[in-house]
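Chains as they are written, first to last, in full-length UniProt numbering: chain A, 1 to 506; chain B, 1 to 506.
Calculated from the structure, these hints are not laboratory results. There are no misleading hints in this set.
Taking CB as the label site, the calculated pair distances span:
(1) 203/A - 32/B: 39 to 45 Å
(2) 203/A - 260/B: 34 to 40 Å
(3) 455/A - 230/B: 39 to 45 Å
(4) 387/B - 252/A: 36 to 42 Å
(5) 455/A - 189/B: 37 to 43 Å
(6) 412/B - 260/A: 43 to 49 Å
(7) 204/A - 222/B: 38 to 44 Å
(8) 265/B - 110/A: 37 to 43 Å
(9) 260/A - 220/B: 19 to 25 Å
(10) 340/A - 480/B: 55 to 61 Å
(11) 504/A - 265/B: 55 to 61 Å
(12) 222/B - 252/A: 38 to 44 Å
Positions of the beta carbon are idealized from the N, C-alpha and C atoms, including for glycine.
Protein chains: 2
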Amino acid sequence: MQTSSESSRIHCPRLRSKIMSAEAAAALIPSGVNVGMSGFTGAGYPKVVPSALAKRIMDANIYGKKFKIGVWTGASTAPDLDGALAMVDGVEMRLPYQSDPTCRKRINAGEMEYIDIHLSHVAQFVWSGFLGKLDIAVVEVAGILEDGRLIPSSSVGNNKTWLDQADKVILEVNSWQNPELEGMHDIYYGTQLPPNRKPIPLLRTQDRIGEAYLRCDPAKVIAVVETHSPDRNSAFSAPDENSRKIAGHILEFLEHEVKKGRLPANLLPLQSGVGNIANAVMAGLNQGPFENLTAYTEVLQDGMLEMIKSGKLTCASATAFSLSSGALAELNADLGRYKNNIILRPQEISNHPEIIRRLGVIAMNGMIEADIYGNVNSTHVMGTKIMNGIGGSGDFARNAFLSIFMTPSQARGGEISCIVPMASHVDHTEHDVQILVTEQGLADLRGLSPKQRARAVIDNCAHPHFKPALNDYYKRALDHSPGKQTPHLLEEALSWHLRYLRQGAM
Amino acid sequence: MQTSSESSRIHCPRLRSKIMSAEAAAALIPSGVNVGMSGFTGAGYPKVVPSALAKRIMDANIYGKKFKIGVWTGASTAPDLDGALAMVDGVEMRLPYQSDPTCRKRINAGEMEYIDIHLSHVAQFVWSGFLGKLDIAVVEVAGILEDGRLIPSSSVGNNKTWLDQADKVILEVNSWQNPELEGMHDIYYGTQLPPNRKPIPLLRTQDRIGEAYLRCDPAKVIAVVETHSPDRNSAFSAPDENSRKIAGHILEFLEHEVKKGRLPANLLPLQSGVGNIANAVMAGLNQGPFENLTAYTEVLQDGMLEMIKSGKLTCASATAFSLSSGALAELNADLGRYKNNIILRPQEISNHPEIIRRLGVIAMNGMIEADIYGNVNSTHVMGTKIMNGIGGSGDFARNAFLSIFMTPSQARGGEISCIVPMASHVDHTEHDVQILVTEQGLADLRGLSPKQRARAVIDNCAHPHFKPALNDYYKRALDHSPGKQTPHLLEEALSWHLRYLRQGAM
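The following block holds chain A by itself, in its conformation from the complex (with noise of 0.2 Å):
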């Protein structure tokens, strides 16, 4: 992480004017404030006012001065956002989402409050005063025109809104971002808030409808600092046998619906959460039948990149890159290619209900556990302890054609089936969640009552080790559940979790 040199990115003089180092820069943001960063899976997060401000935070504590602010982001960051910050315990509300070890820490500790919001919500939450005050923003750019718009970095997230709803802006101006990123993005400004809303003129993956640029108000600009450093890179591994397994069943559903006429031949708009089961999906329809398909998402991962390569996918809507460093490199390394391929929008229109629901999209999230009814937790481990968060699955999976969900069916090595009696926290009900898949197999509970769901789950998605268990429940349920729409007892519904948590395994 250095401050580059190159200012040629900053042509805006009035912007130039007000450029100084990142330490100046935190030096501006005082205790108890909100703060808006940008940053969306680790791709356009402020690289270094973050970690500089971690520093005063730190340095404070040492003097016994209390200094904390709140951190409002697009989703997850990477370590010298959400860690630095977290290490100091500078950070008194986090929202939307999160993924940081240590930041994750501090939350189940009890140290941090935590709102784990869906990420189509944040912008209108905001806007409408539903969370209080934004009083700063944090936002990387990757260069500023001389009339002071802005070139937006490897991720939109909820920047917009940040740079339209803070008092004050300070700018990262990254030279390390592809300047072939201008003209990538698609900035919508026609969102209000009701009674003035109308409709988003958004009908088809590849629709542009707005600006290729971030408007901000110069007078708003409190500081501008340079920097030449790159983004997060996300992890990837080869696709393991369970996750191969998981994408040749969903792929051999997507061929039936195919040939039921539920589908188009070239599918619908396809939404993929991260990961690698993610990947092996796409990894997946890279080698399978469909041709000409386009994705509707949130995140540009390795699979898709791929997949735009091979000419299998068209065009992919997203607000950030997810890319491993060697997929990035290659894509850096020819960015100018991909213009027409690849477009990225605010997370409140990558996320948008309105959005989803007319474009039909394909819906593919992971989760924690699933319960044999069809309720899905995505976000708590034993039912108390956050994992990452909601994200967008919650906006996709409501709004989609149709909605999946997928896990291998056990964790731990086997310790932690992932098929269980009672969902311990749910963030998707049975009236949300369609398709459910582990590498055992893919039960579809479109049309299916509690009863017929419970007998899909456990015949085509629990592990073999936990298959006798499942289905000794669910038979003693059936017996002698007091009502019979959804059989439970409830003495042992939650056993499953219990005795991991006193045993070690379920």
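Since chain A is already given, all that's left is putting chain B on it; use the hints.
Positioned in the frame of chain A, the structure of chain B alone reads:
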């Protein structure tokens, strides 16, 4: 219930030739089919064919023959539909919502399958083929034009979809329905399956975007039955003290939001669930300071009708009436006058996420219980017994500008606390619940972490009788929970429900 001789309502000669008795029409429905029936909260359901069919099923059963059908509706219906068919055990699968005591008993005894679906999802799921084949539609209408178009009855529900998707159609023409209904409906034929969906051009509650009539291919009509029978009336009792207190808290909150500039002076379109609390809120608004209100909701209850009469409510959009006999008589005496104030739409539009989000609806729905972290159970008593169903509460709450859930703090004379440590079933997750209200007070959960929510919910909403036990649970959970994002003691989390089941009191 009787067949009228007034056949002047059937102006299409081709359909006049299909007039027959209810028994003859019911004889055209074989066992094993899926039947899409009209009806939404006791309005506009077929009055005679279902009970004639029930008789036919009973006769078959007497001779030892199995005779069951799938029953799909708009929402709840009436004893002569749901009750009659459930009584003879004639329903294999019921969807998407019911509230009939006999039906409920069968479902909870495990004798009838029931799929509890978001009301906005039904039309697209059927169209997409997700729920199997719709064989026969049985739809009540208020009249038939010469060209075969249908004057919709006192509810629209899923009728457009049933008429479109079913192979065969049976029409009941109910001369009891007010002829002035003609022109009150707005049937939008612009919905599509993806990838052909377009923005729905509805920008304000009062917009009409469709036609006054339902289309129906006369070639599919296999029977026309004449009836002259009233809708099931909704019982209406004057608001009790708890309902008035809940209404008072909500009004105070809305005034506060207007004062803070977070709501316009005439609020935003209101959605309100069915029941006495909802009516009390409307009564409160009718006395309150807000003018020029609108309602974008599912059903038009007595309270809203009063507000239209007083001029407080300028327009109500719904999919059905749900009135007491007194209010209905009053409305029918002067229905023509209300055509500018009332619009009845298909439920795919009244509950459409795109529209609810765009209009910024204020969603107010009842619930069975909420837990201290803001998860809401709308459907299952003690986690296993279905009460009615989720209905439209998810459609509205998830996409609303404000999502409010309300209940008295206690049930069954104080044996049940409606605020519990952990909800025994989750229909609305912590991510989708903003405001909880009981007669004790209102908890504004916006911008609060789970632990902050617990404090707000216990302090503001719990009954004093249960407050100490809730505080005790929460305190011990804070101390001993493995994770402190959502502190729980899993061995106790459902113990309140278990205690009620075993000892008759929580």
